[in-house]
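Q: Take the given structure of chain A and dock chain B to it, following the hints.
Now for the letters of each chain:
There are 2 protein chains.
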Amino acid sequence: MPVGTAGTVKAVHFRDIRDDVQAQIVLGNTYHLYLRPGLKVLEEAGGLHKFNGWNRPILTDSGGYQVFSLSAQRKLTEEGAHFRSHIDGSKHLFTPENVMDIQRTIGADIMMAFDECTPWPCEYDYAKNSLELTHRWLDRCIAHFAETEPKYDYDQALFPIVQGSTFTDLRKKSAEFIASREAEGNAIGGLSVGEPAEMMYEMTDLVCRILPADKPRYLMGVGTPVNILEGIALGVDMFDCVMPTRNGRNGMLFTSEGIINIKNEKWKDDFSPVDPQGNSFVDTAYSRAFLRHLSISNEYLAPMIASQHNLAFYLWLVKTAREKILEGTFAAWKDQMIPKLDRRL
Amino acid sequence: MPVGTAGTVKAVHFRDIRDDVQAQIVLGNTYHLYLRPGLKVLEEAGGLHKFNGWNRPILTDSGGYQVFSLSAQRKLTEEGAHFRSHIDGSKHLFTPENVMDIQRTIGADIMMAFDECTPWPCEYDYAKNSLELTHRWLDRCIAHFAETEPKYDYDQALFPIVQGSTFTDLRKKSAEFIASREAEGNAIGGLSVGEPAEMMYEMTDLVCRILPADKPRYLMGVGTPVNILEGIALGVDMFDCVMPTRNGRNGMLFTSEGIINIKNEKWKDDFSPVDPQGNSFVDTAYSRAFLRHLSISNEYLAPMIASQHNLAFYLWLVKTAREKILEGTFAAWKDQMIPKLDRRL
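Residue numbers (the numbering used here), protein chains in the order written: chain A, 1 to 345; chain B, 1001 to 1345.
Extracted from the complex, chain A is given alone in its bound form (with noise of 0.2 Å):
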């Protein structure tokens, strides 16, 4: 899922979101959304998608992240989270119900659970305690979500979160928990925060195998290019980083040959395209020895197209996993793909 922060894939048009990059879906966060451009212009404009004009699916997060990670003087309780706005330091509180409510006003197909998201090194107790408050907002958010109606024409379903930092038994009891809970959708939260990817793929193991194979497994924040491969060898069905976009943005080009940083003085007259393997329009529409010339004159341009090769690399990565998948040669084209994935160019 490409990530649409504030309601916007940043640097991308949707039309080339939908066409060019083929995304099926894209993500938007409910904190954003919700201090800008706020509840009551979204429930005006008819929820999201005719706010912006995307008509496939978005998912929202439920900002229990963001105002973990961009709020000011944030405060837990079990009540919620109390926090300041990062852009006008006005006080708010996110609730397992307000959030409920906020993303039936937003309107996404797909909401998410109110969770705290731990931070990655964390105490045992601390993470132990946090997994107890993500259990029991969970039920108030599947309480308050069967109590309410989706404000627009269609349906909306939420998915729980799986959270225990990187202890094993709390990964362990909690997707019992979620699994327990039997929602549309399972996603697992709280990893891609700090720790080494093998820590990563030892939870996200241990928990796929907990959480139902006939359901979307979704791995919250991951990741590369690489950590995908290995996140759909392990069960997972959906993933949302914001790496294509801000890395793009940084002259970062994630390519089927490795990583080209296009501001790197090797470029400069490579006239050859942008990626010849690629599958948008502007990868071969521009050449690498213009989109540094782009990137180093600081051009709106440049994160433009290195943002929408990012976005159609990802989606042809995930795409063509799923086509091997089918075909039974997942395994083997992985283990081709992986060497190649992280190398520089």
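Rather than coming from a laboratory, the hints here were simulated on the basis of the structure. The beta-carbon is built from N, C-alpha and C at its ideal position, and this holds for glycine as well. One should not assume that every hint holds.
Partial chain A-side listing against chain B, Cβ under 10 Å, derived [unchecked claim]:
(1) ALA6
(2) ARG15
(3) VAL41
(4) ASN52
(5) PHE281
A: Showing chain B alone in chain A's frame:
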């Protein structure tokens, strides 16, 4: 002509400049391209068309205007203009001869003569001396242009530039001098630099009566939609201006019904299209409320939408003017458009 200073029209893909905005020609700035990416890269690429992928005509200015508006420690002599780069402070010299060479290397379809663009207001004696220097430089440009060949496989034209500030006798003298050189097209420079619009129209009128009617007349750096219609009425055929893109990046939208400042509170809950009469895809793909949200949130998509809308509107305006001229209804149409174009919505 959309302005593509550093070889890119800011915040719009060339695909969209061609297919959506439907521009026939874009402008590049010699000063910027000479400094970055530099002549070596441009020549290795095979010229600017190959470098940036724009395969319709390109006009480059002569660099004189930017030397005076952007560079540090500039100094004018008979030989040319000594200046320091605004990027790294390095020392450079533009002469009529090397500016021809530079534009040969860029591969512009239309090259501009090297001139001094006088500031406004300007003393009569300064304007007179400057004009005479510009004329001497023109003959050096013409001689060097005649002695040199295109570097790529297509012809290049050279347009001279009328100067003379806002002094009627100087403008008349300059226009007669320029016309006598029988170039393939002729430009009017030194206007739209702070003088009242009426003075700009008066000078344009005077000059257009002298420059040949059967060759394109190009009014440099102009202007607002009203300026453009008034210029056309006076006999101008070509314009370039940063307004559609620069003002677009600041949230100003030009439409056939007037001017919109999209940051205004009043658009907060206006879910109507950006421009119901517009003919760019962005005009109906996005709402005013969404564009306002993007603009307030400093999202990349805001300048992308506004720039593309404004360029498409400018191109619609000149295309329609051409149709009305052919129909013989231009004057009436212009009188009806002018009051609308300037009003604030």
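Q: Determine for every hint whether it applies to the structure shown.
A: Results of checking the hints against the structure:
At a threshold of 10 Å, the smallest CB-CB gap from A:ALA6 to chain B is about 5 Å, leaving the interface hint in force. Interface hint at A:ARG15: satisfied, since its Cβ lies 6 Å from the closest Cβ of chain B, which is below the 10 Å cut-off. Residue-level restraint check for A:VAL41 holds (minimum Cβ-Cβ distance to chain B is 6 Å; threshold 10 Å). Checking A:ASN52 against chain B: minimum C-beta separation of about 6 Å stays under 10 Å; hint holds.
Given the 10 Å rule on beta carbons, the hint for A:PHE281 holds: about 6 Å separates it from the nearest Cβ of chain B.
Consistency note: the structure conflicts with none of the earlier hints.
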